[in-house]
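Peer 1: Chain E: place on chain Z using the hints.
Here the protein sequences come in this chain order: Z and E.
Number 365 marks the last residue of the first sequence (the numbering used here); no jumps.
Number 911 marks the last residue of the second sequence (the numbering used here); no jumps.
No lab work stands behind these hints: they were computed from the structure.
Heads up, the beta-carbon is just placed ideally off N, CA and C, and yes, glycines get one too.
Among the hints, a few may not be true.
Per the computed footprint, the stretches of chain Z lying under chain E, defined by three or more beta-carbons under 8 Å from a beta-carbon of chain E, are [said to hold, decoys possible]:
no. : segment
1   : 114-125
2   : 129-135
3   : 146-155
4   : 346-352
Below, in silico cross-link-like pairs of lysine-lysine (DSSO-like), each with a Cα-Cα straight-line distance of 30 Å or less [to be verified]:
no. : chain 1 : residue 1 : chain 2 : residue 2
5   : Z       : K119      : E       : K726
6   : E       : K656      : Z       : K119
7   : Z       : K96       : E       : K820
8   : E       : K820      : Z       : K124
9   : Z       : K119      : Z       : K159
10  : Z       : K96       : E       : K726
11  : Z       : K99       : E       : K663
12  : E       : K726      : E       : K820
13  : E       : K820      : E       : K729
14  : Z       : K159      : E       : K820
15  : Z       : K99       : Z       : K119
16  : E       : K820      : Z       : K164
17  : Z       : K305      : Z       : K277
18  : Z       : K178      : Z       : K119
19  : Z       : K96       : E       : K729
20  : Z       : K99       : E       : K820
21  : E       : K729      : Z       : K99
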Amino acid sequence: MTTNETPANVPEPAAGKGAPLLEVRDLHVEFHTRDGVVNAINGVNYSVSAGETLAVLGESGSGKSVTAQAIMGILDMPPGKIPKGEIFFRGDDMLRMSDEERRKIRGSKLAMIFQDALSALNPVLSVGYQLGEMFRVHQGLSRKDAKAKSIELMDRVRIPAAKARVNDYPHQFSGGMRQRIMIAMALALEPDLIIADEPTTALDVTVQAQIMDLLAELQREYNMGLILITHDLGVVADVADKIAVMYAGRIVENAPVHELYKRPAHPYTRGLLDSIPRLDQKGQELYAIKGLPPNLQHIPAGCAFNPRCTMAQDVCRTDVPVLHQVTERDGAELPGRGSACHFWKETIHG
Amino acid sequence: MGRYILRRLLQMIPVFIGTTLIIFLMVYALPGDPVKALFGDKAADPATVLRLKHQFGLDKPLLEQYWTYLTNLVQGDLGTSFSQRPVTDILTDAIPVTIRLSLVAFAIEIVLGIGLGMLAGLKRGKLVDQLVLVVTLVVIAIPVFVLGYVAQSVLGNELHLIDPTVNDSNDLSQLLLPGIVLASVSLAYVSRLTRTSIAENIRADYIRTAIAKGMPKRRVVGIHLMRNSLIPVVTFLGTDLGALMGGAIVTEGIFNVQGIGNTLYRAVLQADGPLVVGLVTFLVVVYLVASLLVDLLYAVLDPRIRYV
Numbered sequence: 016m017t018t019n020e021t022p023a024n025v026p027e028p029a030a031g032k033g034a035p036l037l038e039v040r041d042l043h044v045e046f047h048t049r050d051g052v053v054n055a056i057n058g059v060n061y062s063v064s065a066g067e068t069l070a071v072l073g074e075s076g077s078g079k080s081v082t083a084q085a086i087m088g089i090l091d092m093p094p095g096k097i098p099k100g101e102i103f104f105r106g107d108d109m110l111r112m113s114d115e116e117r118r119k120i121r122g123s124k125l126a127m128i129f130q131d132a133l134s135a136l137n138p139v140l141s142v143g144y145q146l147g148e149m150f151r152v153h154q155g156l157s158r159k160d161a162k163a164k165s166i167e168l169m170d171r172v173r174i175p176a177a178k179a180r181v182n183d184y185p186h187q188f189s190g191g192m193r194q195r196i197m198i199a200m201a202l203a204l205e206p207d208l209i210i211a212d213e214p215t216t217a218l219d220v221t222v223q224a225q226i227m228d229l230l231a232e233l234q235r236e237y238n239m240g241l242i243l244i245t246h247d248l249g250v251v252a253d254v255a256d257k258i259a260v261m262y263a264g265r266i267v268e269n270a271p272v273h274e275l276y277k278r279p280a281h282p283y284t285r286g287l288l289d290s291i292p293r294l295d296q297k298g299q300e301l302y303a304i305k306g307l308p309p310n311l312q313h314i315p316a317g318c319a320f321n322p323r324c325t326m327a328q329d330v331c332r333t334d335v336p337v338l339h340q341v342t343e344r345d346g347a348e349l350p351g352r353g354s355a356c357h358f359w360k361e362t363i364h365g
Numbered sequence: 604m605g606r607y608i609l610r611r612l613l614q615m616i617p618v619f620i621g622t623t624l625i626i627f628l629m630v631y632a633l634p635g636d637p638v639k640a641l642f643g644d645k646a647a648d649p650a651t652v653l654r655l656k657h658q659f660g661l662d663k664p665l666l667e668q669y670w671t672y673l674t675n676l677v678q679g680d681l682g683t684s685f686s687q688r689p690v691t692d693i694l695t696d697a698i699p700v701t702i703r704l705s706l707v708a709f710a711i712e713i714v715l716g717i718g719l720g721m722l723a724g725l726k727r728g729k730l731v732d733q734l735v736l737v738v739t740l741v742v743i744a745i746p747v748f749v750l751g752y753v754a755q756s757v758l759g760n761e762l763h764l765i766d767p768t769v770n771d772s773n774d775l776s777q778l779l780l781p782g783i784v785l786a787s788v789s790l791a792y793v794s795r796l797t798r799t800s801i802a803e804n805i806r807a808d809y810i811r812t813a814i815a816k817g818m819p820k821r822r823v824v825g826i827h828l829m830r831n832s833l834i835p836v837v838t839f840l841g842t843d844l845g846a847l848m849g850g851a852i853v854t855e856g857i858f859n860v861q862g863i864g865n866t867l868y869r870a871v872l873q874a875d876g877p878l879v880v881g882l883v884t885f886l887v888v889v890y891l892v893a894s895l896l897v898d899l900l901y902a903v904l905d906p907r908i909r910y911v
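Next comes chain Z alone, as it looks inside the complex (with noise of 0.2 Å):
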């Protein structure tokens, strides 16, 4: 683990040597609809350090999407609300801050990158001024030198032809280079932490590959901490350090990334390791986890997971299961490791 980089200019009680960056902890959200309350959120802890990376994996509707816009402060608020919990970054929680002081750590501090580049980006505003409206409105440049910081950028992220494009607007770029953009613009001012949601599902495999190795040097380069929110196992193996599984809102597994997919310490898990298509198992059926993400108006009682695993028993159906420290046969502690499943120990020891 690396030491925070700079110096913060405010002072920071908890950002010692080793604290983390940033830290969720027991968030809850929940969004007022018309039918009634939908729990996205139901008690999220995390840590990110700088130079890590953290993946959160989940299906569609397990909240990791939620918990970003949480941190980022983007959520739609009504309808979403939070109700519990708290997210430190740098020290400070940031539910307690005034809207401005959260406008100021967005996209200076705090980044994110969006899933699809195309609708992410304004269509009727040049790349170059929406890379240079970052230092033009947080660091207050002029027009022009805002530009040339952009064409840098750009280079950076390695578009080729920055100086001639710079005036191109989102549509006249592919795909990738599309996101090439919105990693510049995360990059910008150079944050602590950036949040990339599903960064590279809208691309092509090649062009996912180029984006992730793009990001994961960058990351090096700058010793930032990075979320990534991804639903492909695939994906995550290369570049993160650990990884934290979502289901119905809540962590159900958390691990170092090569342990995860070694020894699933969560039912869950292993049914989503196990859908992946191998090359020894041609031919065979693919698995695939039964039944269907439950619906967060109504999750059910006790494990969430309850309905659709093939361990599930009594108990499973009445009491929550907490996450809890995941051991050794012999009781040895497994670092960073947990499971949320009341049967975790008969998952990971077979």
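Peer 2: Here is chain E on its own, set in the frame of chain Z:
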């Protein structure tokens, strides 16, 4: 771009010929003899009638008359009104008045229309929004002449806040009420259009991006949201400028503004064929130019639109 404009200009020729021909045929196909009508109740002297008919070329076949009209038009001659005044003279008197009135109305339409639309769109579902929706609906539902006469008699004749009629069209304050009346319906449409457009775009991904970039609210709304939301509104405003200039017949009539609309109204009543055709020709040109400008403006506002 240049080629596009050239093509559009060339396309205007058949449109222009088609519309003027229709107007020409309609005016001259009207029942009754306009020359005899010039004599009013008095008996027309057949010799004078013949002389006048010859002077205005009315004794020639209709298509030949149209051809004469077109060839004169190319030389900038719109013909002579039955009142013996050249149509171009009448136009040069009326056009500035109408332009002034249209611009007053247009300014009101832009400021109030977009302003109310923004307010309603940003506060969707709130009281302000409901209020704007109801008021604009009422304005759209009331015919302009009702609104015009009510405004005139209440503000002018009862409360004496303004002159009921416009005496001096150079005085912009006198044009204010006619301007509001003229703008009213378009204003209502502009607010509704702006409101819908804003309410739609405010949910767009790029707005979320702008917020995530830490842009201040006024920048998110003023630049990212408005720049996109105003595209359909500007298109409407452009075509409406043409409509304001030609569509002021009722308003100009009520408030006695001596513009194109009023002149056209009287020309129709007096069956003054050359004058009607001349005025309509002018309006056709205004419409054609306005719609070309709108199409060009569209590309400036939305870079995704390319002209080929």
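Peer 1: Does each hint hold? Answer for all of them.
Peer 2: Here is what the structure says about each hint:
no., hint, in the structure
1, 114-125, "holds (count 6)"
2, 129-135, "holds (count 4)"
3, 146-155, "holds (count 4)"
4, 346-352, "violated (count 0)"
5, K119(Z) with K726(E), "holds, 25 Å"
6, K656(E) with K119(Z), "violated, 80 Å"
7, K96(Z) with K820(E), "holds, 20 Å"
8, K820(E) with K124(Z), "holds, 18 Å"
9, K119(Z) with K159(Z), "holds, 22 Å"
10, K96(Z) with K726(E), "holds, 19 Å"
11, K99(Z) with K663(E), "violated, 90 Å"
12, K726(E) with K820(E), "holds, 14 Å"
13, K820(E) with K729(E), "holds, 19 Å"
14, K159(Z) with K820(E), "holds, 23 Å"
15, K99(Z) with K119(Z), "holds, 23 Å"
16, K820(E) with K164(Z), "holds, 24 Å"
17, K305(Z) with K277(Z), "holds, 22 Å"
18, K178(Z) with K119(Z), "holds, 29 Å"
19, K96(Z) with K729(E), "holds, 19 Å"
20, K99(Z) with K820(E), "holds, 26 Å"
21, K729(E) with K99(Z), "holds, 28 Å"
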